[in-house]
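With the hints as your guide, set chain B onto chain A.
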Amino acid sequence: MSLPIEALVLSQRELGLVVAVVLGFGFGFVLERAGFGRATKLAAQFYLTDMTVLKVMFSAIVTAMGGLLVAAGLGLTDLSAISLSIAGWTWLWPMLVGGFVLGAGFIISGYCPGTCLVSAGSGNLDGLVAFAGVVVGSFVYNLLLAIPAVETFHTSGELGAMFLYELIGVPAPVVGVAVAIMAIGAFVGAEKIEAIMRRRRAAETEAVSADEPRPRRIAFATFLALAGLAVVLLVLPHGSGAQTAPVVKTIGAEELAKRLVDEPWRVRVIDLRPAAEYAASRVPGSERAEASGLAALELEYADPSREIVVITPSAPRDLPAALAAYRGEVRALDGGWPAWKAFALDAPQPPAEDATATERDRYAFRGAINASLTGQKTAPVASAPTTVRVQREKQKGGGCGA
Amino acid sequence: MERSEKFWNPYLAGMALGLVLLATFLVMGRGLGASGAANRLSIAVAQTVAPSVVASSRPMAALARERRGVLDDWLVFEILGVLLGGAFGAYTAGRLQFGVIRGAGVGVASRLGFAFAGGALMGMAARAARGCTSGQGLSGGAVLSVGAWVFMMAVFAGGYAFAWFMRRQWR
Numbered sequence: 461m462s463l464p465i466e467a468l469v470l471s472q473r474e475l476g477l478v479v480a481v482v483l484g485f486g487f488g489f490v491l492e493r494a495g496f497g498r499a500t501k502l503a504a505q506f507y508l509t510d511m512t513v514l515k516v517m518f519s520a521i522v523t524a525m526g527g528l529l530v531a532a533g534l535g536l537t538d539l540s541a542i543s544l545s546i547a548g549w550t551w552l553w554p555m556l557v558g559g560f561v562l563g564a565g566f567i568i569s570g571y572c573p574g575t576c577l578v579s580a581g582s583g584n585l586d587g588l589v590a591f592a593g594v595v596v597g598s599f600v601y602n603l604l605l606a607i608p609a610v611e612t613f614h615t616s617g618e619l620g621a622m623f624l625y626e627l628i629g630v631p632a633p634v635v636g637v638a639v640a641i642m643a644i645g646a647f648v649g650a651e652k653i654e655a656i657m658r659r660r661r662a663a664e665t666e667a668v669s670a671d672e673p674r675p676r677r678i679a680f681a682t683f684l685a686l687a688g689l690a691v692v693l694l695v696l697p698h699g700s701g702a703q704t705a706p707v708v709k710t711i712g713a714e715e716l717a718k719r720l721v722d723e724p725w726r727v728r729v730i731d732l733r734p735a736a737e738y739a740a741s742r743v744p745g746s747e748r749a750e751a752s753g754l755a756a757l758e759l760e761y762a763d764p765s766r767e768i769v770v771i772t773p774s775a776p777r778d779l780p781a782a783l784a785a786y787r788g789e790v791r792a793l794d795g796g797w798p799a800w801k802a803f804a805l806d807a808p809q810p811p812a813e814d815a816t817a818t819e820r821d822r823y824a825f826r827g828a829i830n831a832s833l834t835g836q837k838t839a840p841v842a843s844a845p846t847t848v849r850v851q852r853e854k855q856k857g858g859g860c861g862a
Numbered sequence: 009m010e011r012s013e014k015f016w017n018p019y020l021a022g023m024a025l026g027l028v029l030l031a032t033f034l035v036m037g038r039g040l041g042a043s044g045a046a047n048r049l050s051i052a053v054a055q056t057v058a059p060s061v062v063a064s065s066r067p068m069a070a071l072a073r074e075r076r077g078v079l080d081d082w083l084v085f086e087i088l089g090v091l092l093g094g095a096f097g098a099y100t101a102g103r104l105q106f107g108v109i110r111g112a113g114v115g116v117a118s119r120l121g122f123a124f125a126g127g128a129l130m131g132m133a134a135r136a137a138r139g140c141t142s143g144q145g146l147s148g149g150a151v152l153s154v155g156a157w158v159f160m161m162a163v164f165a166g167g168y169a170f171a172w173f174m175r176r177q178w179r
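Going down the list, the sequences are from chains A and B.
Position 376 of the first sequence, counted from 1, bears residue number 836 in our numbering, the numbering being contiguous throughout.
Position 133 of the second sequence, counted from 1, bears residue number 141 in our numbering, the numbering being contiguous throughout.
So here's chain A without its partners, still in its complex pose (with noise of 0.2 Å):
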């Protein structure tokens, strides 16, 4: 089993989006329920006397931590790959300057973004409103991109694909119990604040405070803290810190082939080799680019349903770091353009005597291909015919072959 389940972004998006809804549903209705529906309670994190934000915000990053580093430790998905395509591309001085800003709208609003339409939801106009101001900021932010300035701001301290556990080069459970450990440290210091907080304000009314301490809070830190506990031990003995070095996701030549023939329009090939040698020959339907020029293609804002497929002059080490901004599946052709070079264009060895059926059929698309761009009819196969056609690879493929 791989998770996540591609096809939801791919063949069943419509399902996809079903599940959008109903995971938004979910996320609306906790943050409701956590009282994040109301101005005063969050902004009461900034005064000190309710730090609800912070516990909830870290609960349920160590939860969520913890419950991913789990799964991709018992190899139901790939740690990198699925962080990479949540969040991991790191641009150090519009993120920190986008999050004091943001900080500062917070105080001011009373809201962040999610919240104010958690808001919105429960019937208060104010949240509406800053709902409001937060697209009329996103199009006032899109105007100013226009402005070099602000443009090379937008881009300044690209560190790419960042984590705290490459950055640190430990393995990624290390940082997740040291994240844990922090959390119930900042739980503890949280409750304390409060309780100051609380004897502060019960000295000026002079009243006996009703709301004495529950210890019913540190009890479910502690109860955190153990279930963050547990996670580890689950997770270290499959940890086994393979998941330091990010992997470049790779897409072997004879599935290209097949996309490329079966479904051209959900793959976008893009060679990166010089242009001498793609104006030689090249995969049908690919666009080449210099790695250096990866950014004009505006990757950021391209349609994700296409999976991009990069050709490298050899076997792929690294990918460029501006292909971790497009939204949808990045791969690297495995072995670069020699192992297309290999499966397309040196004509294949026909089976032997006794050959499989798929052996057969895999040889029989192999020499389709290999026809369709070299022009040289492949020896024929005696099985039954393949169900592949190349008719619209060799559409496709006008002027290429070597």
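No lab work stands behind these hints: they were computed from the structure.
Any given hint could turn out to be false.
Straight-line alpha carbon distances no greater than 20 Å define the calculated DMTMM-like cross-link-like pairs of lysine to aspartate or glutamate that follow [claimed, not checked]:
1. A:Lys801 x A:Glu714
2. A:Lys718 x A:Glu651
3. A:Lys801 x A:Glu758
4. A:Lys801 x A:Glu760
5. B:Lys14 x A:Glu715
6. A:Lys718 x A:Glu654
7. B:Lys14 x A:Glu654
8. A:Lys801 x A:Glu664
9. A:Lys501 x B:Asp81
Ranges between beta-carbon positions, derived for each pair [claimed, not checked]:
10. B:Ala169 x A:Ala802: 54 to 62 Å
11. A:Glu750 x B:Val57: 50 to 58 Å
12. A:Pro798 x B:Ser64: 40 to 48 Å
13. B:Gly121 x A:Trp553: 23 to 31 Å
14. A:Lys652 x B:Val57: 45 to 53 Å
15. A:Ser752 x B:Ala63: 37 to 45 Å
16. B:Gly113 x A:Ile656: 18 to 26 Å
17. A:Thr615 x B:Gly121: 54 to 62 Å
18. A:Gly617 x B:Gly115: 36 to 44 Å
19. B:Asp80 x A:Gln809: 14 to 22 Å
20. A:Thr612 x B:Ser64: 16 to 24 Å
21. B:Val53 x A:Leu508: 32 to 40 Å
22. B:Ala165 x A:Ile656: 31 to 39 Å
Nothing here was measured: the structure is a model prediction, and the numbers come from that model.
All C-beta atoms in this analysis are idealised placements derived from N, C-alpha and C, irrespective of residue type, glycine included.
Frame of chain A; chain B shown alone:
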């Protein structure tokens, strides 16, 4: 009329939120977000009101060119769910009610003014940071992205830095 102030225990609520986030990661391979959808909404509105502005802005034109239309996106559907989930949560807790939430020290008009101004700042900031507290902070934080943690610390810093100036609004 006093609204119900009974909320879930923050740690349990956080865990529930974490589980929703985890499900989003594992099923969709995405994080939860909000500001990305606001950006798309702004472009959709601009497209109908002033299409020439959209066409002349590179980031807006790129999204507007998408084959399915700028609003046909995962995040847009997700925030629709957030809105419904918020309404459902408030309704079942007996606090679904029209009104304006504000501190005692501020009138309705200025409260709405602050809400809009703060929202606009957040809209700009979220575009710069490539996400807001949900998409960058929560989702990025949980996958241990360096940028997300920098962002989150900066959010708290910004909030505390400006809290003093805003103290009368929230008193």
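Right, here's what the structure says about each hint:
For the proposed pair Lys801 of chain A and Glu714 of chain A, the alpha carbon gap of about 11 Å is at most 20 Å, so the pair holds. Of the pairs offered as hints, the one joining Lys718 of chain A and Glu651 of chain A is violated, with about 59 Å between alpha carbons and a cut-off of 20 Å exceeded. A C-alpha spacing of about 29 Å is found between Lys801 of chain A and Glu758 of chain A, which places the hinted pair above 20 Å, so the restraint is violated. Restraint check: the Cα-Cα separation between Lys801 of chain A and Glu760 of chain A comes to about 30 Å, which exceeds 20 Å; the hinted pair is violated.
For the hint pairing Lys14 of chain B with Glu715 of chain A, the CA-to-CA distance comes to about 56 Å; that exceeds 20 Å, so the pair is violated. About 61 Å separates the Cα atoms of Lys718 of chain A and Glu654 of chain A, which puts this hinted pair outside 20 Å; it is violated. Of the supplied pair hints, the one linking Lys14 of chain B and Glu654 of chain A holds, its CA atoms being roughly 18 Å apart against a limit of 20 Å. For the given pair, Lys801 of chain A sits about 80 Å from Glu664 of chain A by alpha-carbon distance, which is inconsistent with the 20 Å threshold.
This hinted pair does not check out: Lys501 of chain A and Asp81 of chain B have alpha carbons roughly 31 Å apart, beyond 20 Å. With their beta carbons about 60 Å apart, Ala169 of chain B and Ala802 of chain A fall inside the hinted range of 54 to 62 Å. In this structure the supplied range 50 to 58 Å is violated for Glu750 of chain A paired with Val57 of chain B, their Cβ-Cβ distance being about 38 Å. About 44 Å separates the C-beta atoms of Pro798 of chain A and Ser64 of chain B, a value consistent with the hinted range of 40 to 48 Å.
The hinted window of 23 to 31 Å between Gly121 of chain B and Trp553 of chain A holds, with their beta carbons roughly 30 Å apart. A C-beta distance of roughly 51 Å is found between Lys652 of chain A and Val57 of chain B, which places it inside the suggested range of 45 to 53 Å. Under the hint 37 to 45 Å, the C-beta atoms of Ser752 of chain A and Ala63 of chain B, about 27 Å apart, miss the expected range. Against the hinted window of 18 to 26 Å, the Cβ-Cβ separation of Gly113 of chain B and Ile656 of chain A comes to about 23 Å, which satisfies the hint.
In this structure the hint that Thr615 of chain A and Gly121 of chain B lie 54 to 62 Å apart at CB is violated, the actual value being about 33 Å. Look at Gly617 of chain A against Gly115 of chain B: about 41 Å separates their beta carbons, and that is inside 36 to 44 Å. Distance hint check for Asp80 of chain B and Gln809 of chain A: the Cβ-Cβ separation is about 47 Å, which falls outside the suggested range of 14 to 22 Å. Here the CB-CB span from Thr612 of chain A to Ser64 of chain B is close to 20 Å, well matched to the stated 16 to 24 Å.
Our hint of 32 to 40 Å for Val53 of chain B and Leu508 of chain A holds, since their Cβ atoms are close to 39 Å apart. About 21 Å separates the C-beta atoms of Ala165 of chain B and Ile656 of chain A, a value inconsistent with the hinted range of 31 to 39 Å.
The earlier numbered hints that this structure contradicts are 2, 3, 4, 5, 6, 8, 9, 11, 15, 17, 19, 22.
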